[in-house]
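Peer 1: Chain by chain, the residues:
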Amino acid sequence: QKEVEQDPGPLSVPEGAIVSLNCTYSNSAFQYFMWYRQYSRKGPELLMYTYSSGNKEDGRFTAQVDKSSKYISLFIRDSQPSDSATYLCAMVGGSEKLVFGKGMKLTVNP
Amino acid sequence: GAVVSQHPSRVICKSGTSVKIECRSLDFQATTMFWYRQFPKKSLMLMATSNEGSKATYEQGVEKDKFLINHASLTLSTLTVTSAHPEDSSFYICSARGGKRGTEAFFGQGTRLTVV
Numbered sequence: 004q005k006e007v008e009q010d011p012g013p014l015s016v017p018e019g020a021i022v023s024l025n026c027t028y029s030n031s032a033f034q035y036f037m038w039y040r041q042y043s044r045k046g047p048e049l050l051m052y053t054y055s056s057g058n059k060e061d062g063r064f065t066a067q068v069d070k071s072s073k074y075i076s077l078f079i080r081d082s083q084p085s086d087s088a089t090y091l092c093a094m095v096g097g098s099e100k101l102v103f104g105k106g107m108k109l110t111v112n113p
Numbered sequence: 110g111a112v113v114s115q116h117p118s119r120v121i122c123k124s125g126t127s128v129k130i131e132c133r134s135l136d137f138q139a140t141t142m143f144w145y146r147q148f149p150k151k152s153l154m155l156m157a158t159s160n161e162g163s164k165a166t167y168e169q170g171v172e173k174d175k176f177l178i179n180h181a182s183l184t185l186s187t188l189t190v191t192s193a194h195p196e197d198s199s200f201y202i203c204s205a206r207g208g209k210r211g212t213e214a215f216f217g218q219g220t221r222l223t224v225v
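Protein chains in written order, with this note's numbering: chain A, 4 to 113; chain E, 110 to 225.
Chain E extracted, bound-state conformation:
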């Protein structure tokens, strides 16, 4: 299957700082990327949908000023958690739609964020 690379896999930061997470589709062009958050033993919670060259669409309850999403190219989207707080600690996963049929969704490896 197609490859989506997410970096970093793990990050620890201090409260009040910002953290950037990168998501790259390595062997296909992804016109749409999705950002999810996953709590322990829970399913994926969609945070936002990002289309290349346009503003991201955020799900209800997700603060767009806190979770900044940039989809600058067909292979790269970034999620920046601004002014991080301990409650932002979570597992963040990106997904990119593309592949042979253009409709499959492939996931990155996830980023474990811990805010101390």
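For reference, chain A alone in the conformation it holds in the complex:
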């Protein structure tokens, strides 16, 4: 079993839809959880950073962590065409290395 599992999609939604992106993990040592957005041919951009179970909101984005289920989610409300990108979850624990999901390619259609 991989340490971090993320459905690679692709996912296509209409503009204005609520998008739900998810990752599961197996390593209980993971303490910090991040979501990155990567546009084509660009470096990943940090969207959300969380370290405790619960919800964290930033504008149209909500990050959710459930440590008991080893499950994290990113919700995008009122999705826009500019949200079209690849979204990667990442987590880090005792080791300094980030462990990434495969990335989910999202397309928001006008």
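No lab work stands behind these hints, which were simulated from the structure alone.
Heads up, the beta-carbon is just placed ideally off N, CA and C, and yes, glycines get one too.
Not one of these hints is a red herring.
Derived CB-CB ranges, DEER-like:
#1 E:Ala181 to A:Ser29: 33 to 39 Å
#2 E:Thr189 to A:Gly57: 41 to 47 Å
#3 E:Leu135 to A:Glu60: 24 to 30 Å
#4 A:Ala20 to E:Ser124: 46 to 52 Å
#5 A:Ser76 to E:Thr223: 36 to 42 Å
With chain A held as given, fit chain E onto it using these hints.
Peer 2: Just chain E, lined up with the frame of chain A:
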């Protein structure tokens, strides 16, 4: 968020030559920097972890003599691809850990290397 600057964004070089890529944390000190390689439509592949003032730790299968990493200061790490071959053509991205909590990782813009 914190800013990581990577330079150059794009480089074309001839086979057999060496190419240096720079990664700078502009507004924070990064004790740890990471170098990744990314193939088209694939996730990031960690190549090495570099700590300021010490030798880099390379992932299995990554040739340390080919991919030279130097982390001379808390704000600068460099990756040199030596004796480049066409199969080294790829997208290389650096990341620096730091920021307010010291645990967030911020990425550079990436470098598209093409070896001809």
